[in-house]
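Asks: Residue numbers (mature numbering (1 follows the signal peptide of the UniProt record, and there is no 0)): -21 to -1, 1 to 340.
Rather than coming from a laboratory, the hints here were simulated on the basis of the structure. This one's a predicted model, so the numbers in the text were calculated from it and none came from an experiment. A few of these clues could be false.
Computed Cβ-Cβ distance ranges for the label pairs, DEER-style [claimed, not checked]: (1) A68 <-> E201: 54 to 62 Å; (2) T45 <-> N124: 15 to 23 Å; (3) K135 <-> S252: 36 to 44 Å; (4) A68 <-> K135: 36 to 44 Å; (5) E201 <-> N145: 20 to 28 Å; (6) G234 <-> T98: 47 to 55 Å; (7) L263 <-> S199: 21 to 29 Å; (8) G153 <-> G110: 17 to 25 Å; (9) F156 <-> N259: 52 to 60 Å; (10) N64 <-> A140: 35 to 43 Å; (11) K248 <-> T203: 20 to 28 Å; (12) G150 <-> M226: 26 to 34 Å.
Quick reminder that beta carbons are idealized off the backbone N, C-alpha and C, glycines included.
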Amino acid sequence: MELSMILYVLSCSLYSSTSETTDIPIIIANETVVNAKIGSNADMTVTIVTAVPPLKAVIWSRNGQTLFGSRYTDGNIKTPSLGINNITASDDGTYRCFVYNEVGSSYVDIFLFTWSKPTIRMSGNNIAGIGSTVHLEGLITSKPNIRNITWTRAYKNTSVAIDFTNGSKFGRSGTIFHPILTIINLQKADEGLYMCAASHDFSEGVGDIFVSIGVVPLVSREETDYQGTVGNDIQLNCSYDSNPQAMFLYWLKNGTRINLDLQREKYTKSNVSYPDLMINNIQLNDTGIYVCCVGNVIGVGCSAYIKLLIKVEGKCNDNRDSEHVYKTLSIYNAIYEYSGTTDARKSSHCYEDIDILNKDV
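Using the sequences and the hints, build the whole thing.
Replies: Here it is as structure tokens:
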């Protein structure tokens, strides 16, 4: 009997020394803060320190709401983890990993912070005339807030920082999300590419804009003289080259601007896309000096004079030896004087040869 009791005690002692202590599981986060770029994927993982008895379940939640859906991927009981696809700014928050065994549960929190590369949209009066003041503006979108703004310009295949110590040439103003670079007294040497760089703790973005010297439009004519016949239509041609782009166009007749809106039956309206002037059903009073003018933000440029002569078939009185003889000729309405404030003086004469008329005019 005594021997049996000893064997029982020994067997109990042996079992107690080899059994494991049961308790709630203990886990730790591999990273307590995870930074993820918007549009990318994020992974959160935890390490199991102890789990006796083994884990029976792992549950992930965000701000108190259990996570489920196709954007989320789970790990497994042995290696708990959470993957999030196509991160958005709204994914910011605290994520909690719950683990359970037969004894109880525990959890660990991981904070997810999302960020985006700064984007800079540039604008401004980047095409301007010599001596002008140019304002280059950047509109920045960023998460988190921008910490630094840098202005540079391209020079010989590299970039150099703008020197703001010379306040008579460059200036800067605006806000961290709306920086403004000012170029004073624009000169040919100031032409080129200007860059605005915005950075935060995770990334940097750059926007650029090209500054060039603009001029008034160069307006040209295809013909100097046009000849038309009463009752017909005639088209006066005009072409131009403009930098910056043309904003408006108009025609002058004998120094006075033609109101195309009020004379739609007479003129087919022209514009910067179609600069030619079509005159419908021409009459003798359409004779005159025409000028095509085009404007941009720099100023207005005009063509050289375009002369329009109108022809009508009729009879001229040819006085010879006191006898009146009528000859059928082409009669042209010829211009003799031109005034910028009044209509040109016009008189009709008989010419058998248009070249002679042009010399006379």
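Asks: So, for every hint listed, does it hold in this structure?
Replies: Outcome of the hint check:
no., hint, in the structure
1, A68 <-> E201: 54 to 62 Å, "58 Å, holds"
2, T45 <-> N124: 15 to 23 Å, "32 Å, violated"
3, K135 <-> S252: 36 to 44 Å, "39 Å, holds"
4, A68 <-> K135: 36 to 44 Å, "40 Å, holds"
5, E201 <-> N145: 20 to 28 Å, "48 Å, violated"
6, G234 <-> T98: 47 to 55 Å, "52 Å, holds"
7, L263 <-> S199: 21 to 29 Å, "28 Å, holds"
8, G153 <-> G110: 17 to 25 Å, "23 Å, holds"
9, F156 <-> N259: 52 to 60 Å, "55 Å, holds"
10, N64 <-> A140: 35 to 43 Å, "40 Å, holds"
11, K248 <-> T203: 20 to 28 Å, "24 Å, holds"
12, G150 <-> M226: 26 to 34 Å, "28 Å, holds"
Consistency with the previously given hints fails for numbers 2, 5, ordered from lowest to highest.
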